[in-house]
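Participant: Given only the sequences and the hints, what does the whole structure look like? Please build it.
Residue numbers 1 to 258, in our numbering, belong to the letters of the sequence shown in order.
No lab work stands behind these hints, which were simulated from the structure alone. One or more of the hints may lead you astray.
DSS-like cross-link-like pairs, simulated, lysine-lysine; straight-line CA separation at most 30 angstroms [what the hints assert, rightly or not]: (1) LYS91 / LYS2; (2) LYS2 / LYS248; (3) LYS91 / LYS248; (4) LYS3 / LYS91; (5) LYS248 / LYS3.
Computed beta-carbon distance windows for the label pairs [claimed, not checked]: (6) MET1 / ALA156: 38 to 48 angstroms; (7) GLN153 / THR81: 33 to 43 angstroms; (8) MET86 / GLU57: 17 to 27 angstroms; (9) ARG125 / GLN18: 16 to 26 angstroms; (10) ALA156 / ARG125: 23 to 33 angstroms; (11) ALA156 / ALA20: 35 to 45 angstroms; (12) ARG215 / TYR25: 23 to 33 angstroms; (13) ARG161 / ASP5: 17 to 27 angstroms; (14) GLY218 / ASP5: 49 to 59 angstroms; (15) ARG126 / ARG83: 44 to 54 angstroms.
Predicted, not measured: the structure shown is a model, and the values here were computed from it. Note that the Cβ used here is the ideal one computed from N, Cα and C, for glycine as well.
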Amino acid sequence: MKKVDSHVLASWLDDTLQAARFKDYCPNGLQVEGRSEVGHIITGVTASEALLRIAVERGADAVLVHHGWMWRNEDRRVIGTRRTRMALALKNDLNLYAYHLPLDAHPTLGNNAQLARVLGLAPERRDDGSPRTCGQDNLVWLGEAAGLETLGQLGARVAERLGRQPLVVGDPDQPVSRVAWCTGGAQGMLADAVDAGASAYITGEVSESTVHLARETGVGFIAAGHHATERYGAQALGHAVAERFGIKVEFVDIDNPA
Numbered sequence: 001m002k003k004v005d006s007h008v009l010a011s012w013l014d015d016t017l018q019a020a021r022f023k024d025y026c027p028n029g030l031q032v033e034g035r036s037e038v039g040h041i042i043t044g045v046t047a048s049e050a051l052l053r054i055a056v057e058r059g060a061d062a063v064l065v066h067h068g069w070m071w072r073n074e075d076r077r078v079i080g081t082r083r084t085r086m087a088l089a090l091k092n093d094l095n096l097y098a099y100h101l102p103l104d105a106h107p108t109l110g111n112n113a114q115l116a117r118v119l120g121l122a123p124e125r126r127d128d129g130s131p132r133t134c135g136q137d138n139l140v141w142l143g144e145a146a147g148l149e150t151l152g153q154l155g156a157r158v159a160e161r162l163g164r165q166p167l168v169v170g171d172p173d174q175p176v177s178r179v180a181w182c183t184g185g186a187q188g189m190l191a192d193a194v195d196a197g198a199s200a201y202i203t204g205e206v207s208e209s210t211v212h213l214a215r216e217t218g219v220g221f222i223a224a225g226h227h228a229t230e231r232y233g234a235q236a237l238g239h240a241v242a243e244r245f246g247i248k249v250e251f252v253d254i255d256n257p258a
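Facilitator: As structure tokens, then:
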């Protein structure tokens, strides 16, 4: 079985995702150091206890996720669920790699790029070929949903492609032209989508105030699930790792309705 040095892998991931350019809510990169060589990786959305246990059962050397540990403003004590998770990783010599905003933003491997692929959205491009974006850290992508004319049709496609019924705010018959999207908990960026001239905005979560803003601006709003919208970046990154280093990579989807 082919293997790669754990720190060589970390450097490649950091460079590929340009992790250093993001001011994030958590550390990006190698969060927990395990065995020195990696030949088998389990990827997933979140470094939950369930994902770690599967990694241990399957004999993995590392876990690669979008949602890691040590978030800003969290209780830093190693007690309760944090202790359980950390003990699992340390006892079993697992490496934990986590990339939050860098994995949202990557132009081809990222969650936004991959959600566009899954939903059949065509991103707008700048002259240099990069996606046209707006919002904090340019995380909101802009484009169009080819072949779809109404909010109802867009909502139906989201349901079909993601395998869950989204929350849709707006008249199903209202026309949709320019679409904006940002995976995960980006309901707070609806205002950026409005300012960019979007007629519909897709994200993962919804807040009470989001509904009012959508109604008052007339912009269709779709909350398709935090987990559901962020499954695809980890998969794409895992495929890239497998291709680059020739090691075994498996994506494990721990179901989460949120």
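Participant: If any of the earlier hints don't hold here, list their numbers in rising order.
Facilitator: 13
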